[in-house]
Amino acid sequence: MIFVEVAINEAASAGEFMVARRGGGWLMRAEDLRALRIDIARAYRAEIEGESYVDLTRLEGVRVFFDEARQRLALTIDPERFEAMSLSAPATAARPTQGAFTAFVNYDVNLQYSERLAALGFIEMGASGGWGLLTSTATVQAGGGGSGVTRLDTTYIRDFPGGPTRLAVGDAVTDAPEWGRQVRFGGVRLGTEFSLQPGVITFPTPTFRGRATIPSQVELLVDNARRFQSEIDQGPFSIDEVPLVTGAGEVTLVVRDALGVEQRVTSSYYVSPRLLRRGLAAWSAEAGAERRDYGVRGFSYDNSFIAGTYRRGVTDWMTLESRAELSGDVRMAGGGANLVWAGIGEFSLAGAASQGKEGTGALWRVGFSRVTPRWSLSASYQRATRNFDQLGINGDSERIMRQIQLGGGLSLGRFGNLGVSYTDLAFATRSRTRVASLSYNVGLTERAYLGAFAIRSATRGQGSETTFGATLTYAFGPRSSGYAQADNNNRAAEYRHMPPTSRGFGYRLYANQGEQTRAQGELSWRAGFGEGAIEVAHASGETGARFQASGGLLWAGGRPHASRRVEGGLGLVEVPDQPNVRIYQDNRLVGRTDAKGRAVIPNLRPYEENRIALAPSDLPMEARMASDTLIVVPRYRGAALARFEVAAARPATLILHMTDGTAVRAGASARLGDGQSAFVGYDGELFLPNAARGMTIEVNTGEGVCRATLGALPDEPLPRIGPIPCVLGVSA
Numbered sequence: 001m002i003f004v005e006v007a008i009n010e011a012a013s014a015g016e017f018m019v020a021r022r023g024g025g026w027l028m029r030a031e032d033l034r035a036l037r038i039d040i041a042r043a044y045r046a047e048i049e050g051e052s053y054v055d056l057t058r059l060e061g062v063r064v065f066f067d068e069a070r071q072r073l074a075l076t077i078d079p080e081r082f083e084a085m086s087l088s089a090p091a092t093a094a095r096p097t098q099g100a101f102t103a104f105v106n107y108d109v110n111l112q113y114s115e116r117l118a119a120l121g122f123i124e125m126g127a128s129g130g131w132g133l134l135t136s137t138a139t140v141q142a143g144g145g146g147s148g149v150t151r152l153d154t155t156y157i158r159d160f161p162g163g164p165t166r167l168a169v170g171d172a173v174t175d176a177p178e179w180g181r182q183v184r185f186g187g188v189r190l191g192t193e194f195s196l197q198p199g200v201i202t203f204p205t206p207t208f209r210g211r212a213t214i215p216s217q218v219e220l221l222v223d224n225a226r227r228f229q230s231e232i233d234q235g236p237f238s239i240d241e242v243p244l245v246t247g248a249g250e251v252t253l254v255v256r257d258a259l260g261v262e263q264r265v266t267s268s269y270y271v272s273p274r275l276l277r278r279g280l281a282a283w284s285a286e287a288g289a290e291r292r293d294y295g296v297r298g299f300s301y302d303n304s305f306i307a308g309t310y311r312r313g314v315t316d317w318m319t320l321e322s323r324a325e326l327s328g329d330v331r332m333a334g335g336g337a338n339l340v341w342a343g344i345g346e347f348s349l350a351g352a353a354s355q356g357k358e359g360t361g362a363l364w365r366v367g368f369s370r371v372t373p374r375w376s377l378s379a380s381y382q383r384a385t386r387n388f389d390q391l392g393i394n395g396d397s398e399r400i401m402r403q404i405q406l407g408g409g410l411s412l413g414r415f416g417n418l419g420v421s422y423t424d425l426a427f428a429t430r431s432r433t434r435v436a437s438l439s440y441n442v443g444l445t446e447r448a449y450l451g452a453f454a455i456r457s458a459t460r461g462q463g464s465e466t467t468f469g470a471t472l473t474y475a476f477g478p479r480s481s482g483y484a485q486a487d488n489n490n491r492a493a494e495y496r497h498m499p500p501t502s503r504g505f506g507y508r509l510y511a512n513q514g515e516q517t518r519a520q521g522e523l524s525w526r527a528g529f530g531e532g533a534i535e536v537a538h539a540s541g542e543t544g545a546r547f548q549a550s551g552g553l554l555w556a557g558g559r560p561h562a563s564r565r566v567e568g569g570l571g572l573v574e575v576p577d578q579p580n581v582r583i584y585q586d587n588r589l590v591g592r593t594d595a596k597g598r599a600v601i602p603n604l605r606p607y608e609e610n611r612i613a614l615a616p617s618d619l620p621m622e623a624r625m626a627s628d629t630l631i632v633v634p635r636y637r638g639a640a641l642a643r644f645e646v647a648a649a650r651p652a653t654l655i656l657h658m659t660d661g662t663a664v665r666a667g668a669s670a671r672l673g674d675g676q677s678a679f680v681g682y683d684g685e686l687f688l689p690n691a692a693r694g695m696t697i698e699v700n701t702g703e704g705v706c707r708a709t710l711g712a713l714p715d716e717p718l719p720r721i722g723p724i725p726c727v728l729g730v731s732a
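Numbering (the working numbering) for the sequence shown: 1 to 732.
Just so you know, the hints here were simulated from the structure itself, not pulled from any lab data.
Please note that the accuracy of each hint is not assured.
What the hints assert, rightly or not - Pairwise CB distance ranges (calculated):
#1 T501 - Q229: 27 to 35 Å
#2 D223 - G407: 15 to 23 Å
#3 R414 - V265: 28 to 36 Å
#4 Y113 - F299: 28 to 36 Å
Yeah, the Cβ is synthetic: ideal placement off N, Cα and C, and Gly gets one too.
All chains, please: the whole structure from these sequences, using the hints.
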């Protein structure tokens, strides 16, 4: 047995490996061949000194040549002999960052004066921790013809990201397919929640496969835009989980070797977000009572029920779904399927049957859609019998007997886009509503956009109405825009200057003439503790004013904070004892630390990696830290701590001289006492990022290693120390 260099398919050396020669054949260790991705599942094997070896000369698709002079084993291997190389792995759920107990109050206040003062407020109280999230919301009204407090929702939520599953106890909303109805209820809901794993693609995406004879570069072009690029070894490969625009598209796979020779393969695809990947399932189980008079009465529940939904990706082109509901008023069960027919589009079929107080009923639905980069088309038809019933139908006025929906769009390139839609609803009360619309949008310049529209609506017994007009929009800057709109009833214009993302002021001017003449002005602001606006309007000879404010008060990390509304995740930033330090979220300025070095970032993306960074230039010169960036993953409406450990440093400039009084030569390498390396500059100057009494510096002068030791440090911000002698004759 000998060590030889091994080269594969005339490429650079794959390394040196132990090989054996027996009877004119060459053998390599099975372990090494597997490391080189060579398929040896059906290879002839022999045991040598307790290890498994494979005879290369008896391996199909492999040709062997040994160069005696170079001691080099050259292997020519067919691409099919390699194991497939996967260039992308499915995304996994990010592990939530350790958080802290958080209690918060969100508020929205609206004070309006027009003849008399009226106040309307929205309040939400909540608390979260490792045990879950508990929230309760209510509206508060005073003046304006009514007063009082109305409870809206009270819910306990517990997330299980690994599921991904969410448990909701209290007020919740049922799941429902396209033909079903979502219903507010009080009770328990347990089911799949894909938002807990936002990086995971739930719908089927095509896998792109190819092969390379020698190491190459692969690119994936989606509609002529590069979406993926990677280096690959020889052999077959596959590319999974490529981000694609939903609908129809065209993909070109490009394999380019070191000589610039290209292979291109173009294929079509169709991706639908309505489908689930093969083997992936989503479910929901609900039990409780329907909510009545939501927003009017706080504790009105009726009609106890249990219900469930189940969807599963049977294949990569078909997903099946089912829904069942059982209550004192109705029993309903139904199912459906979503199918993608490559080259044509997506089809949906569904049917359901029910039995209730009115008797037995049925529903069926068919739909089709196709989306391409140039055009889109959708159509659906749903029909129900007079007695079909399900949760959410409270009387004939809400019972839809027939529903027709049509839609289409056409891209005209630089000449704009056309859109058309039509909806026809027929109710059990013999009422019928039809709405048709036509729209056109085009970019005139990089900042100017023109839109035209026409809408016609008709309701049986109430006549019809037609509206048509045009809108011109112009972006004056990153935060400033305006528009002018004219239709057959009104003419309006608006100019808006948005406040900065972090903190600052903005304003809005608006005027309308037509059915009502109205002039309006607004001053808005945004700060770390909330945002608000003051508005004055004059309409129909009357002048009114309105004050709006929203924000949040929270207790997190053992301290109170004032912030904007708590909607997503929370970031508790700590830069101990470092005030007025700029804080960034994903390169976007979101605030500054307070006098104690703390800041709150209110709306982080839950269950996703959020990059939190600070501005090092805002720290004192002597400050040191391991990193100016941290990654946090908060839970839904939970707090994640981002603590930057900042330590005080004593930077100094050291002047080193040899014992004969000459400066240590420029460019000499130095090893500092804390293990860091540095280079000596001109005149023997050496910068020390953190000087300390007794620190030893060793310098390689080229003639030997000399050593210098620091004594007491001057009490100055950035002292110059020395000259200090560097004594030769010390080993490094």
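Any hints this thing doesn't respect? Which numbers, in order? Those not satisfied: there are none.
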